[in-house]
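With chain A held as given, fit chain B onto it using these hints.
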Amino acid sequence: MTISATKEGLHSSTPAYTEFHPRWYRPRVSVYWWLGQWRYLKFILREISSVFVAIFVVVTLFQLRGLLGGPEAYYRFQAWLRTPGAIAINLISFLFVLFHAVTWFNLTPHAMTVRVGGNRVPDFMVAAPNYLAWLVVSAAVAWLVWR
Amino acid sequence: MERTSNEAFLWSLFSGGGVIAALFIPIYLFLFFLAAPLGLMTPPTYERMVALIGMPLVKVYIFLMCALPLFHWAHRFRYTLYDGLQVKHLNEFIFTFCYGGAVVGTVLVAILLWRIG
Chain A
1 MTISATKEGL HSSTPAYTEF HPRWYRPRVS VYWWLGQWRY LKFILREISS VFVAIFVVVT
61 LFQLRGLLGG PEAYYRFQAW LRTPGAIAIN LISFLFVLFH AVTWFNLTPH AMTVRVGGNR
121 VPDFMVAAPN YLAWLVVSAA VAWLVWR
Chain B
1 MERTSNEAFL WSLFSGGGVI AALFIPIYLF LFFLAAPLGL MTPPTYERMV ALIGMPLVKV
61 YIFLMCALPL FHWAHRFRYT LYDGLQVKHL NEFIFTFCYG GAVVGTVLVA ILLWRIG
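Sequence order for the protein chains is A and B.
Under our numbering, the first residue of the first sequence carries the number 1, and numbering increases by one thereafter.
Under our numbering, the first residue of the second sequence carries the number 1, and numbering increases by one thereafter.
Please keep in mind that the hints were generated in silico from the structure rather than gathered at the bench.
Be aware that a few hints might be false.
Unchecked claim - Quick look at which bits of chain B chain A covers, simulated, 3 or more residues with Cβ under 8 Å:
| # | segment |
| --- | --- |
| 1 | 27-35 |
| 2 | 39-46 |
| 3 | 57-71 |
| 4 | 80-91 |
| 5 | 101-112 |
Claimed, not checked - Over 10 Å on every C-beta distance to chain A, these chain B residues come out as not near it, computed from the model:
| # | residue |
| --- | --- |
| 6 | Glu7 |
| 7 | Ala8 |
| 8 | Phe9 |
| 9 | Ser12 |
| 10 | Leu13 |
| 11 | Met49 |
| 12 | Ile94 |
| 13 | Phe95 |
| 14 | Thr96 |
C-beta: ideal position from N, C-alpha, C; glycine also.
Only chain A is shown next, with the shape it has when bound in the complex (with noise of 0.2 Å):
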């Protein structure tokens, strides 16, 4: 019986249904797949810049309690910053975020094609918005802290 049922199943047009998934060959990726080329590491580069980000957002937040408790606590903060320790985290930090937006403004171009009358914009003319707009916010910033 079982053999007619297999059987039957091999030449019908619809195969016989089976709960079992078939066995397929998968080899197993080891956990440092992205350490063998350069492109894999820089992927995960990209993607750890965003720890960075978040210790950065964590220091603002002690920037803010330290505003908050008035000036003696804000100076006790500022002189935290001064650590070698805390010099070497913001540093860091610093080059993980430009390398962050710098990724992330090329992204654009890829994201998209700007076709203007038929031809395609170069994709340094479709990131340029982006640098434009780094460069005013942070003039921006710079001149309210000076001013």
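Quick look at chain B alone, frame taken from chain A:
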């Protein structure tokens, strides 16, 4: 099932946070957390800082600069752990840790900004 339906919304927070992080964070980080402590510029006095945060536009800037990038981090870090470390069995915990952290941070920044100035 619920998670898949939230994915588009969470992705838009990730995307918006990416823009805000790229535009708003570098100059702020450089001025306050590097240039001032390294003596490249004289930091604004306490009174001036409080006055600055008293401005509604500055409040909005700092709120956006903190809140959205936290959700950007939550999304990116979640997938880095999924793909990079392949820790599928911890999915629920990672999800709660990332978005829970982002929500807590957002509430904290809102409270702090509200109480200063």
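Results of checking the hints against the structure:
no. : hint    : verdict
1   : 27-35   : holds (count 8)
2   : 39-46   : holds (count 4)
3   : 57-71   : holds (count 7)
4   : 80-91   : holds (count 4)
5   : 101-112 : holds (count 5)
6   : Glu7    : holds, 17 Å
7   : Ala8    : holds, 16 Å
8   : Phe9    : holds, 18 Å
9   : Ser12   : holds, 14 Å
10  : Leu13   : holds, 13 Å
11  : Met49   : violated, 6 Å
12  : Ile94   : holds, 13 Å
13  : Phe95   : holds, 15 Å
14  : Thr96   : holds, 16 Å
Consistency with the previously given hints fails for number 11 only.
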